[in-house]
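*Asks:* Required output: the full structure, derived from the provided sequences and hints.
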Amino acid sequence: MQVVQEKDESLQGYLARFSRATLGIKDLQMSDVATAIMNSMRNRASKMSLSKNPLESMHDLLKKRDKYIDAEEVDIVTKSLWKRRETETHKRKSHDDRKMTDKGKQRVVHTSKDNTRDRSTRQKYEDTQTYTPLNTPRTKVLMEIRDMKDLEWPKPMA
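Numbering-wise, the sequence shown is residues 1 to 158 according to the UniProt record's numbering.
Rather than coming from a laboratory, the hints here were simulated on the basis of the structure. Hints may contain errors.
Said to hold, decoys possible - In silico DSSO-like cross-links for lysine-lysine, where the CA-CA straight-line distance does not exceed 30 Å:
hint	residue 1	residue 2
1	Lys-67	Lys-52
2	Lys-47	Lys-7
3	Lys-47	Lys-64
4	Lys-47	Lys-26
5	Lys-7	Lys-79
6	Lys-52	Lys-7
7	Lys-67	Lys-83
8	Lys-140	Lys-155
9	Lys-67	Lys-26
10	Lys-64	Lys-7
11	Lys-64	Lys-79
12	Lys-7	Lys-67
13	Lys-63	Lys-7
14	Lys-67	Lys-47
15	Lys-79	Lys-63
16	Lys-52	Lys-63
17	Lys-26	Lys-52
18	Lys-64	Lys-83
19	Lys-63	Lys-47
20	Lys-83	Lys-7
21	Lys-63	Lys-26
22	Lys-64	Lys-52
23	Lys-79	Lys-47
24	Lys-79	Lys-67
25	Lys-64	Lys-26
26	Lys-83	Lys-47
27	Lys-52	Lys-79
*Replies:* In structure tokens form, the structure reads like this:
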């Protein structure tokens, strides 16, 4: 039996083709099926699973097949999502880097990442900000802010 998984063939397509090929064979032993699948499959994880836990019936093969087909489909979807994200960010970067001026010439647009002045002013601003330490007692914080006009104290209960 020479049914081999092609280079770009999905696991589902290969196993469907393998099943059709084995339907015509009389008195097929499960050990022969397992050996043929292990030798012709490209999916390394399923090969390892078959070698660790030998198949006892065709039902076991179908359960394992479904498990690895689902995993392969998830892998394909995640890869396509990553490729789409990479192409979108690449398009966005290439479009943002160059913009047309009024005269039709291209000029380079500097983003805030490239501007060192933005970083230095931001850093100075962050250095001047002081925050109340988290372990300061509430009474001390209330005493500091009691004279603020924006703060409205509750009226005393009578």
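*Asks:* Work down the list of hints and note, for each, if the structure agrees.
*Replies:* Cross-check of the supplied hints:
1. Straight-line distance between C-alpha atoms of Lys-67 and Lys-52 comes to about 16 Å, which keeps the hinted pair within the 30 Å bound.
2. Of the pairs offered as hints, the one joining Lys-47 and Lys-7 holds, with about 16 Å between alpha carbons and a cut-off of 30 Å not exceeded.
3. Pair hint Lys-47 plus Lys-64 holds up; C-alpha atoms about 11 Å apart against a cutoff of 30 Å.
4. With a C-alpha separation of about 25 Å, the suggested pair Lys-47 and Lys-26 falls inside the 30 Å cut-off, and the hint holds.
5. Distance check on the hinted pair: Lys-7 and Lys-79 sit about 17 Å apart at the alpha-carbon level, within 30 Å; holds.
6. Proximity of Lys-52 to Lys-7 is assessed by CA-CA distance (about 25 Å); at most 30 Å being required, the pair is judged to hold.
7. With a C-alpha separation of about 25 Å, the suggested pairing of Lys-67 with Lys-83 holds against the 30 Å cut-off.
8. A threshold of 30 Å between alpha carbons decides the hint, and for Lys-140 with Lys-155 the separation of about 20 Å falls inside it, so the pair holds.
9. Taking the CA atoms of Lys-67 and Lys-26, the gap is about 27 Å. The hint holds against a cut of 30 Å.
10. The straight-line distance between the Cα atoms of Lys-64 and Lys-7 is roughly 21 Å, inside the 30 Å bound, and the hint therefore holds.
11. Our distance criterion of 30 Å between C-alpha atoms is met by Lys-64 and Lys-79, whose separation comes to about 23 Å.
12. A distance of roughly 21 Å separates the Cα atoms of Lys-7 and Lys-67; the hinted pair therefore holds under the 30 Å criterion.
13. Taking the CA atoms of Lys-63 and Lys-7, the gap is near 24 Å; set against the 30 Å cutoff, the hint holds.
14. Our distance criterion of 30 Å between C-alpha atoms is met by Lys-67 and Lys-47, whose separation comes to about 13 Å.
15. Only pairs whose Cα atoms come within 30 Å are accepted, and Lys-79 paired with Lys-63 is accepted, the gap being roughly 25 Å.
16. A threshold of 30 Å between alpha carbons decides the hint, and for Lys-52 with Lys-63 the separation of about 15 Å falls inside it, so the pair holds.
17. In summary, the hint linking Lys-26 to Lys-52 is supported, as the alpha carbons are separated by about 27 Å, within the 30 Å threshold.
18. For the proposed pair Lys-64 and Lys-83, the alpha carbon gap of about 29 Å is at most 30 Å, so the pair holds.
19. With a C-alpha separation of about 14 Å, the suggested pair Lys-63 and Lys-47 falls inside the 30 Å cut-off, and the hint holds.
20. A hinted pair counts as satisfied when its Cα atoms are at most 30 Å apart, and Lys-83 with Lys-7 qualifies at roughly 20 Å.
21. Taken as a hint, the Lys-63 and Lys-26 pair is honoured in the structure, with Cα atoms around 23 Å apart against an allowance of 30 Å.
22. Our distance criterion of 30 Å between C-alpha atoms is met by Lys-64 and Lys-52, whose separation comes to about 13 Å.
23. Distance check on the hinted pair: Lys-79 and Lys-47 sit about 22 Å apart at the alpha-carbon level, within 30 Å; holds.
24. The suggested pairing of Lys-79 with Lys-67 holds, with an alpha-carbon distance near 19 Å, which does not exceed 30 Å.
25. Between Lys-64 and Lys-26 the alpha-carbon distance is near 23 Å, which keeps this suggested pair within the 30 Å criterion.
26. Proposed proximity of Lys-83 and Lys-47 is supported: the alpha carbons are some 28 Å apart, at most 30 Å.
27. This hinted pair checks out: Lys-52 and Lys-79 have alpha carbons roughly 28 Å apart, not beyond 30 Å.
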